[in-house]
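Keeping the supplied structure of chain E fixed, place chain L upon it in accordance with the hints.
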Amino acid sequence: MPFPYLYTILLIARQEVTRIRTRFRGRASPVAMVLLLVGILLLLLTFRRGVVQGKGLYRIAVSPDGPLIQDERFEVTTVPSSVRYALLDAGAVDLYVDDDRVVHYGAERSLYAAGALKTYLEKQELARAGQSYGPERAFPLRVGVQRFPIEQARQEEEVLIPSLMAPPLPFAQVVAVSLHLFPVFFVNVFFTGGFMHEKMDRRITVLLSAPVTPFQVIAGKMVPYILLALVSVVCVAALLKGNVLMALLIFTPVVLFTFSVYLMVPLVYRTFKDTTFISMLATTIITSYLVFPAMFSGINDLSYVSPLTLAVKMYRGQPFGLKEYLTSTTPMYIIFALAMYAGSRMLNEEYLMRFRPLYRKAADAIYLLISRRHLNISIFVLSLLLVPIVYMVQLVAMVVSLNLPIRYAVGTLLIVAVVVEEVAKSAGIVVLIEQRVVRSTKSILLVVPGRTGLSSGGERAAIHLRQHRLRDHALGGTFWCRHVVAATCSAHCFHVGSVPADSQVGRSQLSPCSADRLGPARSL
Amino acid sequence: MSAFVTILKKELKAVTRERTIVIAIIIQLFIASFSSAILVGLMSLYDPEAIGLSARIRLRVGIVGDRSDPLVDLLRQNQVQVVPFETLEEASEAFSEGRIEAALLIPQSDTGSGRGLRHVSLFLPESEALYTLILMVLRDPLKQYESYLREQNGIHLKFADIEGRPSTLHEFRYGVILPLLMFFPAFITGSMVIDSLSEELANHTLDTLWSAPVSLHVIVGAKIAAPVLLAGGQCVLWATLLYVNGILIRNLVLVLLMATLNAAIIGVTSVFIVLYFKDRERSQFTYSLFILLSTSLGYAFDVSPVTVITRLATGDYYTGISDVAVYGLVLLGLLAGLFSLNKKLLSRVA
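Here the protein sequences come in this chain order: E and L. All the letters of the first sequence, read from the start, carry residue numbers 762 to 1285 under this note's numbering. All the letters of the second sequence, read from the start, carry residue numbers 58 to 407 under this note's numbering.
Label-pair ranges, simulated between beta-carbon atoms:
no.	chain 1	residue 1	chain 2	residue 2	range
1	E	GLU869	L	GLN136	19 to 27 Å
2	E	VAL795	L	LEU398	15 to 23 Å
3	L	LEU237	E	GLY1172	25 to 33 Å
4	E	ARG1121	L	THR265	26 to 34 Å
5	E	ARG1121	L	GLY377	46 to 54 Å
6	E	THR839	L	LEU266	54 to 62 Å
7	L	THR63	E	GLY1172	45 to 53 Å
8	L	VAL301	E	ASP860	42 to 50 Å
9	L	LEU266	E	GLN1079	54 to 62 Å
10	L	PRO164	E	VAL844	47 to 55 Å
11	L	GLN136	E	VAL844	34 to 42 Å
12	E	VAL1198	L	LEU398	52 to 60 Å
Calculated directly from the structure, the hints in this document are not laboratory data. Computed from a prediction, not measured in an experiment: that's the story for all the values here. Quick reminder that beta carbons are idealized off the backbone N, C-alpha and C, glycines included.
One chain only, chain E, in its complex shape:
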């Protein structure tokens, strides 16, 4: 065999496949298959019907000559006009609709029903007018939209018809794109569960006593599930009539990222109950991280934090470049590499079977990541590898802080930025001091240059990336460009006095965007 290392991984992967097949042989198989088939069938039917939010939310009474209402939000009953007031007064129906009139009873619920019905009937009426009178008479207004500055804008114009203007946000596409994630999470739960089982009955320990490396064990156990997850991505993309190759390109880092998070769960936790809870938490966090930024697709460049934005663009038939692809996916590839390395170091019996609180487990993991022979380089590499995590956490903090009032947002972001960066930078050294690997001030100082690897290189990269995102995106062009970048830069300067050059980078990149965009935003 020309590649014995790879061959061992494939061998472990085959053994994992056999294990799953054995597990689901016998009476589990028909039950699971029936449930799976019916579930998929129902999901397909649901998807074809379209998802309605607020199904059966409103009750409407319609006179016999009233309009036909075919919207699942409305529970429609045909009643004679003689009972309409009795029904409305009792609050038994939200609205009464006759040939050309809608009557509500003034309560909040009734007014919302009227608003919903207005939107629905407006669409019907516009369609009727379009068919009866032709597009020019039915839609007599054209709005040519151009961008400031006017000289440039005259060259290109987007023409809109106000009554046919579509909502700007890709909500439907994001929901469709999210369908790619569910099978991936599903597969991940099995990967975590299988790993946990093998850990509990010590089969992994037995495997490690064979001439295989921890990396081979993890990779071997992961490969079948990753392939399964990728197959699901292909199936969903084909189902949604997307570009399958492009979908693979976009979702491969997502799959790797989810696996790197789920790999940590069985490595760190010991009971199934913990695993279930933490897996649920991981699902919530990953979903939030991936889905929410994608909602801003086409509005805000911060949306490129998530590769789902690329998928939304793909399904909308809009192009994106290598820069956008790398912005979304590079942190995920790096985190996968880091997780695989960390997993390989953590996969030993002592670490797996020890009961300790989470922070102690994290400290132990960091200690295992550091090579005692090359402390300086280890701390440097560790700091560097933590940059994408710091970057991701800070971006999430930035997105979350958008919801706070401005004065609190800046302060909160400042504190979060400081805490996240300092924890990331100091973690390695703290662990070394705790483990008494470094004792004297001299030895700590010898390690510190490695720590400043994050300060001088990693932080500069993180700040550059953050500012790059902020400089271009719209909200960055307004409030964020001035306040948030200043906040992150201050956070950086406040704690990293040793690298004043970074603060200069921050300031020099602030001025162009604040000058041309802050003005118009202030009044809004």
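Just chain L now, with coordinates in the frame of chain E:
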């Protein structure tokens, strides 16, 4: 009864002892609070009228051209501040100085007959967010202007004057966020029951416990009750969170009861699954499929728990305790089935 309480306490302690689980719940609460805020903000952009309700936006629009056009009055009626300019260059300069946010070029109307297309030009900032926001704010007056022109063309649309409130946020809150938050703890309940029982079965501790003077019903009952209580507690937390966010839940007690009943039904079903398969891996797999199936089925029928919760929370006239009682009866039926079968199912393990 004391045996039941003892096992219940033990189960609850096992959850609260692991601090990360508690942290996990808190983090989820935190994420949900912001998620709902983010999504509510986003939904505003689907419903331009909602922007006016949820935020006070003072928009200044420069007008170049025909200032007597009805569009100018419609802008004013929609709380848009109109600033007249002689030329587009002046308007552009005012935009650069931050005196206006957008500009409209309204050519002199030549449609005395009331027929033909009317063109206007709108100038917006380059920033995508401002572009979208301003366009959404201006959509209403522009639509009204279009309706005016349509009427000039002799076309009348029925139901154009319905008075109502923008419904998108309302539907999203009660049709999506509330059911999602109320059912999420129920999904965890099933997983926890499977974990708890499969662990006991794998370690053969269930046999030991059974040999003590405790009936099997008590053991299984307590193992279901603990996560159901936790789910109920989580639902109370979500309800508080929604209240803090200004979302009023009508029939709160019934909504919470419905969510807890749903958690209990899922809990009991997962006991059937784990007693049938006897190991965690297959049970969790089948349980996940069951959740997928029941969610899809629930969506397909009008009697789904999601619809009941939505209707209860919005104060629907026809939805009340009898609808909740139906789910109570389902639970009782499942419990009766479980207690008559669990010995049989467990004896196979022994």
